[in-house]
Amino acid sequence: MDYSVTVGSLTLANPLIAASGCFGYGVEYADVVDLASLGGVAVKGLFLAEREGHPPPRIVETPSGMLNAIGLQGIGVHRFISERLPELRARRAVVIVNICGTTLDEYVELARILSDAQGVHALELNISCPNIKEGGITFGCSLPGTHDVVSAVRKVTRLPVIPKLTPNVTDVASFARAAEDAGADAISLVNTFLAMAIDVHTRRPKLTNIVGGLSGPAIRPIAVRMVYECRRAVKIPIIGMGGIATADDVLEFMIAGANAVQVGTMNFVDPFIWTKLMDGIRAYMDGHGIVRLQDIVGTVDTSAREKAWISS
Amino acid sequence: MPVDIDATVIANRRLSADYNVLSLAAPEIAASARPGQFVMIKTSGGQDPLLRRPFSIFEILRDESGRPAAVSIFNKRIGAGTTLLSRVEPGTRLPLLGPLGRPFEPVDPPAAAWMIAGGVGLAPFVTLAAALAARKTPATLFYGARRAEELHCVELFEAMGIRVVLATEDGCRGAHGRITVPLEAALHDRPLGNPVKLYVCGPTPMMRACAHLAAVHGRACDVSLEQVMGCGLGGCYSCVVLARGAGGGAPHHTRTCIEGPVFDAQRVVWEAVAGH
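Chains L and P supply the protein sequences, listed in that same order.
Numbers 33 to 344, taken from the working numbering, label the letters of the first sequence in order.
Numbers 1329 to 1604, taken from the working numbering, label the letters of the second sequence in order.
Isolated chain L (complex conformation) (with noise of 0.2 angstroms):
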């Protein structure tokens, strides 16, 4: 069976990535987790230099879901080449760089190192954290500003550039063609939502930061969503992801659109979920004769909302 997915010049052996934020440099996991048996490995955010992040309670689970606010939290791109980047080479990981900045030019240093180091795969381009004020995700707000990061970086780059979107946004699937039309290899969905939690006894915010990002089980939805209309937007690849737990949501996010999805928050939950999700992928294929994953891809049937059983 085929499992592979293509993301411009990149070939993944399966559709299933370790998302940022969600699975430190990858190294932390190395012991559990085959690292080359995942489609990628998407490192924590990077920035230029290192960042202390936001201050502890950093994190508050909500109904099937959690909200964060780490503040990106980071060693800085140097630190990531010369201490990480090694053994995740050693381990033979499709390393997905998530990259940060607070200006364009931030943004094009940042790939530009990377370009250089050797190991890394891809560059996802994190347009879209809600939980630092400067930079970022103000690129992800604005079409302007989107088109602008992925064709500066696109200028400087031969990996695969991957924005990555907020689903803060009136209509995601416009900033998904931005981004097309700027030329990214693919797009990457959703990341957190902006959200809120008080504790009513203290009337205090949860967070130290106040608002964070919600993600886990409670988005998928939204997320799902949002990854079809965005897949009628756009003819690139997808990367999809927002509280999958389970085979049956990788194959909802594939089938709405996502050639390749992300794991993040349920990875806390269950450190070997890739095992299982991959288990389940293959009994879906055997089940329904399918012999290249990849063939499921948008396959969302929406014409039985003209049949009439489901009107009356």
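It should be emphasised that the hints constitute simulated quantities derived from the structure, not laboratory data.
Backbone N, C-alpha and C fix where the C-beta goes; we use that ideal spot for every residue, glycine too.
Mixed in with the good hints, there may be bad ones.
Said to hold, decoys possible - Far from chain P, some chain L residues (derived; all Cβ distances over 10 angstroms): (1) Glu-84; (2) Pro-87; (3) Gly-97; (4) Ser-114; (5) Ala-122; (6) Arg-123; (7) Ser-174; (8) Ala-184; (9) Lys-187; (10) Ser-206; (11) Gly-312; (12) Ile-322; (13) Thr-334.
Said to hold, decoys possible - Partial chain P-side listing against chain L, Cβ under 10 angstroms, derived: (14) Ile-1338; (15) Asp-1376; (16) Thr-1465; (17) Trp-1598.
Stated by the list, open to error - Straight line, CA to CA, 16 angstroms or less: simulated EDC-like cross-link-like pairs of lysine to aspartate or glutamate: (18) L:Lys-308 / P:Asp-1334; (19) L:Lys-187 / L:Glu-141; (20) L:Lys-308 / P:Asp-1592.
Following the hints, put chain P in place on chain L, whose structure we already have.
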């Protein structure tokens, strides 16, 4: 290397309205756990609560032939997850990931070991006490709670030959007041030539006070920190505390799951640790 198993609940022993000890069949975890390590438990089969909860391994339980067969956790009912664990029936299977985290390093004689526990902070000390007893390190447990009814499982320590000093804030059992009162007296009385290491787990203000006393008296002090954790494996960066590196330098947000939960108390920037 941590493993994840569907552990069967063997026993759920109620200690009081708020406390219970939950025993889970987990031979692999029981065999490899070191003192002060923790497990991540999924408290519900569903998605509310969604995330696992970290618990210190309370006891290593052995079968008739003496082989490690199970672990227990010392649970205090506080939120949704701990409430589920207070009610769970024997036979239930719960996903159990572990052992995790940096363990306590037990000192060797002639140094003494003083364990200082506040409330549910007793949890990591049975395994440490066993390791200390095995190397014949003279050990004392200082154990405080608000009320006498909240002091539990003291007999586990006495059975291992650990000296026990108790304190309650209402004065009904042991010294009257906080556990730092008898601790401070003991630190004051101990000749400087007699080495002792402190191991502390409890509410943040108590750990902060113990760290301060240890520094004032020039004694080594390790603390076991509890923070809200997402994954337990270093993936999410939720459980950070502000701490200096092992070699000093500026403090950084440091993951308690993989660089802790045990820290040298002098590394921790206590003013920045959320108090509870």
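Practice task
Report holds if the minimum CB distance from Ile-322 of chain L to chain P is greater than 10 angstroms, and violated otherwise.
Solution key: Holds, since 29 angstroms exceeds 10 angstroms.
Handout entry: Distal placement of Ala-122 of chain L relative to chain P, Cβ over 10 angstroms
Key = holds, 17 angstroms
Practice task
Beyond 10 angstroms from every chain P Cβ: check whether that's true for Ala-184 of chain L.
Solution key: Holds: least Cβ distance 28 angstroms, greater than 10 angstroms.
Handout entry: Ser-174 of chain L non-interfacial with respect to chain P [C-beta, more than 10 angstroms]
Key = At roughly 28 angstroms from the nearest Cβ of chain P, Ser-174 of chain L sits farther out than 10 angstroms, so the non-interface label holds.
Problem - Restraint outcome when Thr-1465 of chain P is required to lie within 10 angstroms of chain L by C-beta distance - result: Hint on Thr-1465 of chain P: violated, closest Cβ of chain L at ~31 angstroms, above 10 angstroms.
Practice task
Beyond 10 angstroms from every chain P Cβ: check whether that's true for Gly-97 of chain L.
Solution key: With a cut-off of 10 angstroms, Gly-97 of chain L comes too close to chain P, as the shortest Cβ separation is near 6 angstroms.
Problem - Hint validity - Asp-1376 of chain P Cβ closer than 10 angstroms to any chain L Cβ - result: holds, 5 angstroms
Problem - Check on Pro-87 of chain L being off the interface with chain P, judged by Cβ distance over 10 angstroms - result: Pro-87 of chain L is in fact no farther than 10 angstroms from some Cβ atom of chain P, at 7 angstroms.
Problem - Hint check: 10 angstroms Cβ-Cβ cutoff, Ile-1338 of chain P to chain L - result: violated, 23 angstroms
Exercise for the section: Check the non-interface label on Glu-84 of chain L: least C-beta distance to chain P beyond 10 angstroms or not. Expected result: violated, 5 angstroms
Handout entry: Holds or violated: Lys-308 of chain L to Asp-1592 of chain P, with C-alpha atoms at most 16 angstroms apart
Key = violated, 39 angstroms
Handout entry: chain P versus Gly-312 of chain L - minimum CB to CB distance exceeding 10 angstroms, so not interface
Key = holds, 17 angstroms
When held up to the earlier numbered hints, the structure conflicts with 1, 2, 3, 14, 16, 17 and 20 and fits the remainder.
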